[in-house]
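Participant: When you get a sec, could you build the whole thing from the sequences and use the hints?
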Amino acid sequence: MSQPLLDIRNATKVYQVGGGIGSKKKEVVALQNFNLTIADKPATITTIAGESGSGKTTLANLVLGFTHLSSGNIVFQGKDISDMTHSEILDYRQNVQAVFQDPFGVYNPFYRVEHVFDLVIKNFKLHKNDSEARDRIEAGLNAVGLRGEDILRKYPHQLSGGQRQRIMMARAYLIKPKLIVADEPVSMVDASLRAAILDVMLKLRDEENISFLYITHDLSTAYQVGDQIYILYQGSIAERGPTTSVIDKPHHPYVQLLVDSVPQPDPDDKWETDIELPDEEVMRAADAKGCRFYPRCPNRWDHCLTAAPPLFEVAENKHEASCYLYEPKVAVKR
Amino acid sequence: MSEAQTSHSNTTAKAKNWADAKPVLKVDDLRIHYETPKGAVIAVAGISFTLYEGETLGLVGESGCGKSTTAYGILQLIQPPGHIVGGEIGLEGKNLIGLSERDFRRLRWTKLALIPQGAMNSLNPTMKVHEQIADVIVTHEGRQSKEKIKQRILDLFKTVGLPARIYDMFPHELSGGMKQRVCIAMGICLNPTVVIADESTSALDVVVQRVVAQTLLKVKELLGVSMIMIGHDMGLMAQMVDRIAVMYAGKIVEIASVHSLFKEPMHPYSQVLIDSIPSLKEKKPLKITEGITHDPRNPPPGCIFQLRCPHVMDVCRSKEPVMRELKPRQEVACHLYEVDAKGEVKNVAASA
Ligand SMILES: Nc1ncnc2c1ncn2[C@@H]1O[C@H](COP(=O)(O)OP(=O)(O)OP(=O)(O)O)[C@@H](O)[C@H]1O
Ligand SMILES: Nc1ncnc2c1ncn2[C@@H]1O[C@H](COP(=O)(O)OP(=O)(O)OP(=O)(O)O)[C@@H](O)[C@H]1O
Ligand code: SF4
Ligand code: SF4
Ligand SMILES: [Mg+2]
Ligand SMILES: [Mg+2]
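Protein sequences, first through last, are from chains B and S. Position 173 of the first sequence, counting from 1, maps to 170 under my numbering, and the rest follow consecutively. Convert by adding 1365 to the 1-based position in the second sequence; the result is the number in my numbering.
Hints are not guaranteed to be accurate.
Here are the simulated SDA-like pairs of lysine to any residue, each with C-alpha atoms no more than 25 Å apart in a straight line [said to hold, decoys possible]:
1) S:K1648 with B:P39
2) S:K1583 with B:V256
3) S:K1493 with S:E1466
4) S:K1692 with S:E1629
5) S:K1523 with B:V14
6) B:K175 with B:L33
7) S:K1583 with B:V14
If you are wondering where the hints come from, they were derived from the structure by calculation, not from laboratory data.
Facilitator: In structure tokens:
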């Protein structure tokens, strides 16, 4: 295989929380020994899914350089991002663009939308002249179903949530990076526009050779557009592999619960059972050693507490699950 | 059987007896504009609906169609340059429009609670989680013992599935989903009559979303609240709501029971919405509806959906379709349907 576009090796991120007067600092392991590779060619959409707090945004922030690893490496086109030179960093910032989960936070409320685009055009020197700049902006906006004349003169508070999300995608589109880190890019739009945005992603992948790190909790959209999927549980990979394979035949008990919890768009097929989350204290109790899903797992047995389960191959094409049920010798024993 | 099951059948049973269902909130011809230098954005263009006691009404529609504005309008929290241009909002028989801000403030949170869209990002970054919730309680109920408030907050945490350890944390130390649940806890902390939840579960993963959705339903049953759920996740809508109102460009174009809307959507836009639900069962090509929404300052004459409608006819470009009850409890605003003398509904396009 040629040099990967993005190679994340043994990435661990620990946050220190608390530590106010009278309270002790606690550690939260947001990401643990995480490995991920995105090939350089062909461009792919890699989905990161998993429950709230499982470390998805942390991963995005690490890749974008907004926060730094506690240990491990993030390597982009062969270069570790923590020892890049100034000009390499600038290059990296152009090559790796973000579309955020939170479209409310990223706009300066005092500038009109066009300012966002003018900055992009200026910073990345994308245009030859003003009219070309206008055309590119208009094309970018049209690609996400917006019209320049309507949108550019508006202030951020005058836009709906979904409009802001689409503008972020249009902005990323303009820069034509190698990788777009999209954190919940469609969480606010309705089904028909969601299709349009996902279609933009597919187009960018196939026509512009842009890869995506697509972060979402929405398995159904991942199922429609994703190539590879990584499902996180409390900062570790629970299962990974080709998207259709993982979602059609989930192996890890958590992933089975996850797939089963996707609301069916059918009022005659309602949830049958009530699920409960155990206390977070209980869920986190297993942190130190053993499988993190142990406190909630219907299939657990003592062996699961010995050490964190590594990834075991469960199906072809590197479909792997981090669960002792699939450990070759144990599987035979059971 | 599980509680969720029972609560579902309860709501359905209630829904079937609408004849004796009591209206709680009545919105009549509500109009809200945002003034801009180039003319008014018609964000809510005369919508009417009734929320019945104990029901959950879904409000769906694409981004920018005016769902949040409607919610803010009901709570009279529209900020300039926005303003309510006309209409009536009745809560338990009393018209809210024209109430003084002082009188209205008493209703907010205690009678009408809004869990705003993106609420998790407007949590005060300098206040600990428990302080923000205590703030709401104390502001409306006055001072009370610290112990009592603490217990109440911890109970609220349990209701919405939050761990007790976040009591002393700051918002930035929480994941998005946790912050969202803090906002839900704030919304229900004063036991309101009507809860409007604006995209409250959209930032949550499915397992937590399901827990929170079921919690909302339980809270609803427990406190007898009525709920308006704003969202775009049709799967969740199918699971949670009794009726759905579909909005397009500031108007409600169809309102029907969740069952009718999913099985027999009548308005072309509702049909598009139902058709484009992504499936987990088969990988199919994305269904994209072409066309761009019109400029909200200059809606075309006639039907607001004409620029994207696959069935557009001449009449649609000149005459505005009005909401008509075409089937029992299914109101639709579309020229495609004609009701003949015998009261039967005909599809004009199909017969032509
Ligand atoms: N700046 C921070 N300081 C301390 N802890 C943090 C910080 N950011 C995140 N965390 C913690 O790290 C864990 C992972 O958070 P992260 O935001 O990555 O989750 P997520 O998977 O994106 O969740 P969601 O789906 O809710 O957005 C959580 O337990 C969170 O509380
Ligand atoms: N302060 C404002 N000034 C001008 N226009 C505004 C303002 N606030 C909202 N709008 C416009 O009003 C319309 C309705 O916005 P609203 O936020 O109610 O939509 P929404 O249905 O909640 O969308 P979403 O699903 O994206 O949250 C949009 O076209 C928006 O651009
Ligand atoms: S390793 Fe054990 S506890 Fe963990 S998911 Fe597998 S069976 Fe369950
Ligand atoms: S009135 Fe005409 S344009 Fe409007 S939805 Fe019906 S058929 Fe389409
Ligand atoms: Mg996140
Ligand atoms: Mg909104």
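Participant: Evaluate each hint against the coordinates.
Facilitator: Hints, one by one, checked against the model:
no. : hint                 : verdict
1   : S:K1648 with B:P39   : holds (21 Å)
2   : S:K1583 with B:V256  : holds (23 Å)
3   : S:K1493 with S:E1466 : violated (29 Å)
4   : S:K1692 with S:E1629 : holds (11 Å)
5   : S:K1523 with B:V14   : holds (22 Å)
6   : B:K175 with B:L33    : holds (17 Å)
7   : S:K1583 with B:V14   : violated (33 Å)
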